[in-house]
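*Asks:* Now for the letters of each chain:
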Amino acid sequence: MKWHTIPPLVVKDLTLFFRNRFFAFITILGLAGYAGIYLAMPGRVDELIELGLYAPSTAAAVVKILEDEGVSFQTASSVEALKQAVRDKHVAAGISLPDGMIEQMAAGRKPTVEIFLASDSLQDTRDAMVAIVESLALWLSGNPLNITVNEATLGPDMAGAQIPPRDRMLPLFAVVVLMMETLGLASLIAEEVQTGTLRGLLITPLGVGELFLAKGATSLLMTFTQAALLMLIIGGLKNQPLIILTALLLGGLMVTGVGFLLASVGKDMLSVMGWGILAIVLLGVPAFGVMFPGTVTGWAKIIPSHYLADTIHQVANFGAGWEPVWRNLLILLGIDVVLFWLGAFVLRRKLS
Amino acid sequence: MAQQAIVADNLMYRYGQLVAVDHISFNVAEGEILGFLGPNGAGKTTTVGMLTGQLRPKAGKATLLGMDVARQPEAVQAQIGVCFEIANLYEQMTGIENLKLFAQLFGVKNFDAQALLQRVGLDSRGKDRVAGYSKGMKQRLMVARALVNQPRILFLDEPTEGLDPVSAEAIRNLILEEKRRGVTVFLTTHDMLEADKLSDRVAFINQGEIAALDTPHNLKQRYGKRMVKAQVAAADGQLENREITLDTTETAAALQTLFSQEQVVTIHSEEASLEDIFIQVTGRGLA
Chain R
1 MKWHTIPPLV VKDLTLFFRN RFFAFITILG LAGYAGIYLA MPGRVDELIE LGLYAPSTAA
61 AVVKILEDEG VSFQTASSVE ALKQAVRDKH VAAGISLPDG MIEQMAAGRK PTVEIFLASD
121 SLQDTRDAMV AIVESLALWL SGNPLNITVN EATLGPDMAG AQIPPRDRML PLFAVVVLMM
181 ETLGLASLIA EEVQTGTLRG LLITPLGVGE LFLAKGATSL LMTFTQAALL MLIIGGLKNQ
241 PLIILTALLL GGLMVTGVGF LLASVGKDML SVMGWGILAI VLLGVPAFGV MFPGTVTGWA
301 KIIPSHYLAD TIHQVANFGA GWEPVWRNLL ILLGIDVVLF WLGAFVLRRK LS
Chain V
1 MAQQAIVADN LMYRYGQLVA VDHISFNVAE GEILGFLGPN GAGKTTTVGM LTGQLRPKAG
61 KATLLGMDVA RQPEAVQAQI GVCFEIANLY EQMTGIENLK LFAQLFGVKN FDAQALLQRV
121 GLDSRGKDRV AGYSKGMKQR LMVARALVNQ PRILFLDEPT EGLDPVSAEA IRNLILEEKR
181 RGVTVFLTTH DMLEADKLSD RVAFINQGEI AALDTPHNLK QRYGKRMVKA QVAAADGQLE
241 NREITLDTTE TAAALQTLFS QEQVVTIHSE EASLEDIFIQ VTGRGLA
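Sequences listed follow chains R and V, in order.
Position 315 of the first sequence, counted from 1, bears residue number 315 in my numbering, the numbering being contiguous throughout.
Position 45 of the second sequence, counted from 1, bears residue number 45 in my numbering, the numbering being contiguous throughout.
Calculated from the structure, these hints are not laboratory results.
By construction, the Cβ of each residue, glycine as well, lies at the ideal position given by its N, Cα and C atoms.
Below, computed lysine-lysine pairings styled on DSSO-like, alpha-carbon distance capped at 30 Å:
1. V:K100 - R:K2
2. V:K100 - R:K267
3. R:K2 - V:K127
4. V:K135 - R:K267
5. V:K58 - R:K267
6. R:K350 - V:K58
7. V:K109 - R:K2
8. R:K350 - V:K135
9. R:K2 - V:K61
10. R:K238 - R:K301
11. R:K2 - V:K58
12. V:K61 - V:K179
13. V:K100 - R:K350
14. R:K350 - V:K61
Computed spacing ranges between beta-carbons, pair by pair:
15. R:L270 - V:K61: 40 to 50 Å
16. R:F345 - V:Q92: 26 to 36 Å
17. V:H268 - R:Q194: 48 to 58 Å
18. R:K350 - V:E30: 33 to 43 Å
19. V:R181 - R:R21: 41 to 51 Å
20. R:L278 - V:D276: 50 to 60 Å
Build the full structure now, drawing on both the sequences and the hints.
*Replies:* Rendered as structure tokens:
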């Protein structure tokens with residue numbers, strides 16, 4: 001191995017990367033943009049569900065019951081005002097109790113209670129509203145359920161401390177930053193093949209092994225530095241920085257392998273970008289799963305970035321240590337080896 | 001007897017079913033300039049590819065400075081300089097940065113980029129990005145890049161193709177300078193005049209085979225036809241051409257008749273060009 005050939009190649013690649021205005025711009029803008037998006041998003045989750053209530057004859061009694069139960073609500077002056085509050089999303093749902101409800105129940109009749117829901121209400125919200133109304137009816141009829149409810153939280157109690165969306169985005173930021181930098185490098189490799197400069201390099205004593213090592217080192221330097229810097233700015237290194245940095249390093253290796261594959265299938269910057277967008281979407285799926293729990297099922301584990309996204313999520317958002325994530329990191333390392341080898345193999349075939 | 005710098009022994013290469021180089025053999029002595037001539041697609045670049053370790057021969061063996069190219073490509077590449085036909089420089093880097101990069105890859109100590117740029121007449125543009133260079137300047141930088149490791153063998157692929165006369169002459173002078181330093185030059189070209197000027201020997205390659213290999217002088221002797229061409233004034237005042245072949249028993253009498261019986265306006269001797277010989281040997285032109 002001719003180690004002396006690595007530094008000049010890395011310096012050359014970094015020089016070319018930053019002399020390409022597009023990539024230089026994307027790098028700086030990306031860093032500022034992602035940090036800006038993160039900081040602009042709310043830092044806490046509003047866990048309060050507020051209800052609307054229209055109860056013309058039973059207002060005093062209902063208000064007392066709801067206040068006793070700790071339910072947050074707004075009263076409406078009319079059914080129409082209640083509907084409007086729901087439409088405007090000022091309240092999560094509206095409950096309209098009929099006039100003379102208590103009297104109707106006392107007379108053995110079944111009064112009709114209307115629940116107004118926004119068009120995008122979740123089924124859980126709909127079911128909860130029905131349960132609240134049924135419970136309310138029991139209270140109003142003077143026969144509350146004769147039970148005691150004890151709440152026991154299994155695992156960390158996140159009530160009042162839910163992970164805000166911006167922190168759920170940390171894995172996505174990491175994957176996108178890593179991939180964007182890799183796209184730049186993949187484009188440079190494709191351009192080197194196209195213009196023949198790579199052929200010029202390989203006519204020197206430089207071996208293909210040194211060439212790939214240098215490209216890998218440049219890619220790792222670019223991707224890791226950028227991702228670590230972003231994490232530092234947005235506070236992603238507050239918990240267990242060593243684990244996060246290790247995950248980013250392994251993530252950088254993973255996208256380097258992907259970059260080699262992109263460079264081997266792309267003929268120029270445009271085609272690399274085209275394939276690259278596909279790769280970003282695919283590798284972004286596990287990170288979307290973190291952002292929107294329940295939207296991505298177990299199959300996402302076959303996507304290499306799952307192990308990066310899951311590690312960052314667990315460590316940055318739940319303060320996990322090495323124990324719950326070491327398997328993730330080990331699998332990621334294995335994926336890195338396979339992707340790097342595969343990328344280098346395919347690119348080498350293209351060069352020859 | 002001079003040591004052989006390049007030995008091509010029965011080299012063959014094919015792309016799929018197409019045989020690009022068909023079992024060719026030749027030697028180039030140290031310090032010699034070999035002009036490797038042929039039309040586009042004749043197998044010139046493929047031959048250079050095998051000699052420089054870029055392509056592995058399908059058959060045969062290439063030896064440079066006593067080293068088997070296929071077995072020791074990196075050791076061979078440390079001793080050679082290659083100037084490609086198409087400029088493959090880093091356009092967003094300066095001339096100096098391009099040269100320094102290659103010097104570092106070759107492990108050259110105390111490399112003086114400015115001195116090398118001066119040799120190719122680019123010393124005043126060394127700090128400019130290559131993207132702003134003219135075609136001739138890029139080609140000169142390509143030649144300079146091929147010289148960063150002070151190679152013992154220089155492979156030049158169409159080094160003056162499409163250049164202005166001044167740039168072309170500068171590169172020719174540089175090639176001759178390297179020859180005087182003892183460097184072996186493998187010059188690939190389809191410019192017959194250039195090959196004639198520079199080469200100690202020339203090889204004609206056609207359809208992957210070497211059709212002829214000798215000094216330009218010997219080729220002209222063997223295949224050429226020396227003659228005298230004259231223009232004479234006819235009775236009606238028009239000019240007419242006369243050709244008298246030299247080296248025959250009738251030459252002296254024909255020349256005497258020309259001068260005694262006709263009014264000679266212009267006269268000059270003419271020897272066969274390499275291009276004429278190439279056409280004669282291969283049955284095709286160089287285009």
